[in-house]
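Colleague: Sequence:
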Amino acid sequence: MTDSSTTTAETLGFQAEVKQLLHLMIHSLYSNKEIFLRELVSNASDACDKLRFEALDKPELLEGGAELAITVDFDKDARTITISDNGIGMSREEAVANLGTIARSGTKEFFSQLTGDKQKDAQLIGQFGVGFYSSFIVADKVTVITRRAGLTPQEGVRWESDGQGEFTIEAAEKAGRGTDIILHLREDEDELLSGWKLREILRRYSDHISLPVRMYKEEWNEEKSEQVKSEELENVNQANALWTRSKSEITDEQYQEFYKHVAHDFENPLAWAHNRVEGRSEYTQLLYIPARAPFDMWDRDAKRGVKLYVRRVFIMDDAEQLLPAYLRFVRGVIDSADLPLNVSREILQESRDVRAIREGSTKRILSVLEDLAENKPEDYTVFWNAFGQVLKEGTGEDMANQERIAKLLRFASTHSGEPTQNVTFADYVARMKEGQDSIYYVTAESFNAAANSPHLEIFRKKGIEVLLMSERVDEWMLNYLREFDGKPLVSVAKGGLDLDKLADEEEKKHQAEVAESFKPLVERLQASLGEQVKEVRVTVRLVDSPACVVVDANELSPQLRRMLQAAGQDVPESKPILEINPEHALFQRVQAASDEDFGAWAKLLLEQSMLAEGAHLEDPAGFVKRVNQLLLKQG
1 MTDSSTTTAE
11 TLGFQAEVKQ
21 LLHLMIHSLY
31 SNKEIFLREL
41 VSNASDACDK
51 LRFEALDKPE
61 LLEGGAELAI
71 TVDFDKDART
81 ITISDNGIGM
91 SREEAVANLG
101 TIARSGTKEF
111 FSQLTGDKQK
121 DAQLIGQFGV
131 GFYSSFIVAD
141 KVTVITRRAG
151 LTPQEGVRWE
161 SDGQGEFTIE
171 AAEKAGRGTD
181 IILHLREDED
191 ELLSGWKLRE
201 ILRRYSDHIS
211 LPVRMYKEEW
221 NEEKSEQVKS
231 EELENVNQAN
241 ALWTRSKSEI
251 TDEQYQEFYK
261 HVAHDFENPL
271 AWAHNRVEGR
281 SEYTQLLYIP
291 ARAPFDMWDR
301 DAKRGVKLYV
311 RRVFIMDDAE
321 QLLPAYLRFV
331 RGVIDSADLP
341 LNVSREILQE
351 SRDVRAIREG
361 STKRILSVLE
371 DLAENKPEDY
381 TVFWNAFGQV
391 LKEGTGEDMA
401 NQERIAKLLR
411 FASTHSGEPT
421 QNVTFADYVA
431 RMKEGQDSIY
441 YVTAESFNAA
451 ANSPHLEIFR
461 KKGIEVLLMS
471 ERVDEWMLNY
481 LREFDGKPLV
491 SVAKGGLDLD
501 KLADEEEKKH
511 QAEVAESFKP
521 LVERLQASLG
531 EQVKEVRVTV
541 RLVDSPACVV
551 VDANELSPQL
561 RRMLQAAGQD
571 VPESKPILEI
581 NPEHALFQRV
591 QAASDEDFGA
601 WAKLLLEQSM
611 LAEGAHLEDP
621 AGFVKRVNQL
631 LLKQG
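Counted from 1, the sequence shown has number 518 at position 518 by this note's numbering; the numbering is strictly sequential.
Hints should not be assumed to be uniformly reliable.
As the list claims (entries may be wrong) - Cross-link-like lysine-lysine pairs, in silico, DSS-like; alpha carbons within 25 Å at most:
#	residue 1	residue 2
1	487	461
2	197	247
3	58	76
4	197	141
5	197	19
6	519	534
7	363	433
8	376	247
9	376	407
10	519	575
11	462	433
12	217	229
13	247	433
14	433	494
15	33	19
16	509	487
17	407	433
18	519	433
19	76	247
20	494	575
FYI, nobody ran anything at the bench for these hints, they're computed from the structure. All of these numbers come straight from a predicted model, not from anything done at the bench.
Produce the complete structure using the sequences and hints provided.
Modeller: This is the structure in structure tokens:
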């Protein structure tokens, strides 16, 4: 890296992802150009917040100018708009890093989802967040002059680019700390060279900014027959933190615009909660439920959480200690009246006040979700599709609220014969058959595998609903969520399935006769398979399939075993139980087979049953060979 005192300009290339993003923005966001001003003012506000926080320990960073503000100006003759702040500013190294690269998790996934459809791509770009790069929607050249607080005026930096792939950077003297962003407008953007237009955009998008956003006053000049700027600045926005205002004073549009600022999202949120909490711990919360999942939802290293303020002073972004991990999709602000201004992440982990905030905010978000589920089911479906898998984590992470979380869960099920979506536990319990005392479910590695599982056959025959669980988190969830409303959750793929209460006397008699008459076949299969299985037995769960494999009720399911093995964890050895439906037509051939062919049939029955469970065979080539041999012999 070139030393920050270097005066010669250096030309550097943008990161490849930046080039791609710039091209997409310029061509996809043309219908919502005004967001550039919201993004740049939002960044300026963040820069001032960061200076205020750093100045708590280093007051000299304020350089005698403690009032923080943002100024927006325009020059008709030069065709420029300038957004200035006196916040933290950037050093040369920070300017290269912040303005030339996208160091963000989820970047690769973001670009893989782009389709070429301008409207859809615009939504994705908005979801990804564009920040500074939105400048190039309206400008064909951008100049940034910046100086980090604490550096000398000679250590300022000038950054410039036309957004085509390269940028130049050089030393530039700057008297005050902070950043000036100068947009050289494209030819067709003259509408923005108007004080009235800029004020209108700022009031619409940035009224919630807690810092003053200022512009020069304009007066009518009779001689020129036009508005002329004076030397006096005026506030364009209300300049007080939105969350400190009374709810009755805030419109839905203002809440929505504040969300876009705090979450760097283009879309409106699904819902929000704004409350002042008093008592042992005093704080204000303004928390939002987004409509879309961020790209880094499953990235363990991604920063997440809400913004923490203490008595309106910004302390930190992504204060993950204020909400549990399963609510990591929540965005917003929490402003505490009790925490010290010099609070650190380590202190947050130990603080009783933080625990109270965490518990109170968790309950508030669950209340918002309950209200959505009850009163706006379509919006709740949008939420569930985006964040349902994350919410399921709460069943194991938050035992105090497990019952409330369980009521919010949604599943597919076999109700109505065809897979039905968005089924709640309460829906299921209300439809339980007379004599049924358990909630039945099946787990699988995909929805189709769950919906077509052979374990469902007896349940379909008897009209008993089964929940279909095919998300990776389901197996983990079921280790903690064992019952609902006093009804145990029972896997249809585990041994010892007790359906006696749902069978009449004639069925029970027939089952006993079948088990007795096919005892020799069971013993022969057991002898042939030997150590490959724990047991062979006659089943009551199959109707159309010849066989299936199950595990004992206290053993890990095959899906969970594979997940743990894939994660490199040691898994205790377990052998499957082969259950057969001896009345299936295939067993006529099995019983009539020679001793040599019987062994092949036994192995084939075990392997096809394991395949139906999503298992990977140890010897797939041997399986194919056996199938071919037996097919040829039947010809």
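Colleague: Provide an ascending list of the numbers of those earlier hints which the structure does not satisfy.
Modeller: Result: hints 2, 3, 5, 7, 13, 16, 18 and 19 break, sorted rising.
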